[in-house]
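Chemist: Heads up: the protein sequence lines correspond to chains Y and R, in order. Counting from 1, position 61 in the first sequence corresponds to residue 75 in the working numbering; the numbering is continuous, with no gaps. Counting from 1, position 13 in the second sequence corresponds to residue 22 in the working numbering; the numbering is continuous, with no gaps.
Just so you know, these hints were derived from the structure itself, not from any lab. Any given hint could be a false lead.
[Said to hold, decoys possible] With a straight-line cut-off of 25 angstroms between C-alpha atoms, the simulated SDA-like cross-links for lysine to any residue are:
#1 R:Lys94 x Y:Ser173
#2 R:Lys94 x Y:Arg109
#3 R:Lys94 x Y:Arg136
#4 R:Lys94 x Y:Pro94
#5 R:Lys94 x Y:Glu170
#6 Y:Lys150 x R:His91
#7 Y:Lys150 x R:Arg97
#8 R:Lys94 x Y:Gly77
#9 Y:Lys150 x R:Ser223
#10 R:Lys94 x Y:Arg23
#11 Y:Lys150 x R:Glu13
#12 Y:Lys150 x R:Leu22
#13 Y:Lys150 x R:Leu26
#14 R:Lys94 x Y:Asp210
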Amino acid sequence: MTFEEIGKRFGNRSVLAGVSGQLRPGVVLVVTGPNGAGKSTLLNILSGLIPPSRGVVSYQDGGSELPRERWFSVLGVVAPDMAMYEELSALENLRLFTRLRGLPSSDASLASLLSELGLAPREHHRPVAMYSSGMKQRVKLAQAIVHAPPVLLLDEPSSNLDAAGHELVAALLARQRASTAIAVATNDPREIAWGDEEIELAG
Amino acid sequence: MLAEALAVLAKELRSELRSRVALNAILLFALTTLVAVAYQIGPYRIHEEDRPHLLAALLWIILFFAATSGLARVFVKEEDAHTAKTLRLAARAGAVFAGKFAFNVVLLGTLEIVVVPLFCVLLGYRVAGPSNLVLLLAAGTVALAAVATMVAAIISRASGSGTLFAVLTVPLALPLLVMLIQGTRAAAGSAELAAVLPALRGIVSLAGVTLVSSVFLFPVVWHD
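In isolation and in its complexed conformation, chain Y is listed as follows (with noise of 0.2 angstroms):
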């Protein structure tokens, strides 16, 4: 995925001027920046949830150009104003991914990307608004990676997570990184040094 001299402008407000760079495999793309400097809104743009005001996001697939509208396929997204559904437990949330995305699953290897994210099997048919915040970040996270995507769209990952989920994350990145594009805004010195490239947005 590429994307070229990206703006974006809220009113009078100017967010993001002239941001470039490229997401591809085995290169984690970091992004930083103060509060306010357009972290999230740049992956907002990358995932076409929002249009940007001047330049181009563009996803290659095998030499040819993605169209937006199946960007989604491609793309896994966490991000601290995306919530899963708590009416629903954390089986019923990845079900229903698995399902709106046309994949085959089966409820095992459900259950089994949840325990690898560190929840306990008791908790999967708890609905998700029994859960603490940490654990909700890690439905979040099994969202994302539940359709394999080879886009990888990270903001802030692991917040509300333990040390133990710091890690889970990072072994998460570590195993992912050589297939997958992964991007990742934050601020928090410790997912800042999974990068191998940064950009860094000013406030």
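Got chain Y; can you put chain R on it based on the hints?
Modeler: Below, chain R alone, put in the same frame as chain Y:
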């Protein structure tokens, strides 16, 4: 697309059965209004010649305003609970609209199954053509659900979305309500299909126009 839409519908049904927020809102509104109307008017306080007109109007007023108290939730709750972004990234717009529309049809259908028989009993409403009334209710459910789902999508990100939903839905649904009332009045007076056919045609046309325009409009609203 059908499997995705069914997944959205199943999610809506499961969430609603566990929270019962929309169901409680519309049923409580409908039953309160129905009891108040039945208590004040009852089966005998309207002249015989006025009954078909007034009772048809009262039935649809109760159904419509009860429905407006719950149908907007399909999209408003996604924004309020911050799940809209997750859903936008996972599902195609068409599947989201189809699933939410189907859920509103189920919700409205449930409301009618409870309210219409009670209305007939409490207000002594005799319908000469019950099958015609069922046809009208079915067509009206589809049309009202289509209008409500599209308006709910438009207003979901606005502040004061509840008020905005009623303000936008009433003018859009008014021609539909007029046809539904006329059709219901005709169904009460005659068992012939021909009696309700003009209203039925109008309702089906309106539902069709709303659904077709939603197919083009919804992806823009959903991703904007």
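Chemist: Each of the hints needs a verdict: does it hold here or not?
Modeler: Hint check results:
Between Lys94 (chain R) and Ser173 (chain Y) the alpha-carbon distance is near 18 angstroms, which keeps this suggested pair within the 25 angstroms criterion. Taken as a hint, the Lys94 (chain R) and Arg109 (chain Y) pair is honoured in the structure, with Cα atoms around 18 angstroms apart against an allowance of 25 angstroms. A threshold of 25 angstroms between alpha carbons decides the hint, and for Lys94 (chain R) with Arg136 (chain Y) the separation of about 28 angstroms lies outside it, so the pair is violated. For the hint linking Lys94 (chain R) to Pro94 (chain Y), the alpha-carbon distance of about 11 angstroms falls within 25 angstroms, and the restraint holds.
A distance of roughly 16 angstroms separates the Cα atoms of Lys94 (chain R) and Glu170 (chain Y); the hinted pair therefore holds under the 25 angstroms criterion. The hinted pair formed by Lys150 (chain Y) and His91 (chain R) meets the criterion: a straight-line CA distance of about 13 angstroms does not exceed 25 angstroms. Under the criterion of a C-alpha separation no larger than 25 angstroms, the hint pairing Lys150 (chain Y) with Arg97 (chain R) is consistent with the structure, at around 19 angstroms. Of the pairs offered as hints, the one joining Lys94 (chain R) and Gly77 (chain Y) is violated, with about 29 angstroms between alpha carbons and a cut-off of 25 angstroms exceeded.
A threshold of 25 angstroms between alpha carbons decides the hint, and for Lys150 (chain Y) with Ser223 (chain R) the separation of about 34 angstroms lies outside it, so the pair is violated. A distance of roughly 21 angstroms separates the Cα atoms of Lys94 (chain R) and Arg23 (chain Y); the hinted pair therefore holds under the 25 angstroms criterion. Using a Cα cut-off of 25 angstroms, the hinted pair Lys150 (chain Y) and Glu13 (chain R) holds, with the two alpha carbons roughly 24 angstroms apart. For a cut-off of 25 angstroms, the pair hint linking Lys150 (chain Y) to Leu22 (chain R) stands: about 22 angstroms separates their Cα positions.
This hinted pair checks out: Lys150 (chain Y) and Leu26 (chain R) have alpha carbons roughly 22 angstroms apart, not beyond 25 angstroms. Only pairs whose Cα atoms come within 25 angstroms are accepted, and Lys94 (chain R) paired with Asp210 (chain Y) is rejected, the gap being roughly 28 angstroms.
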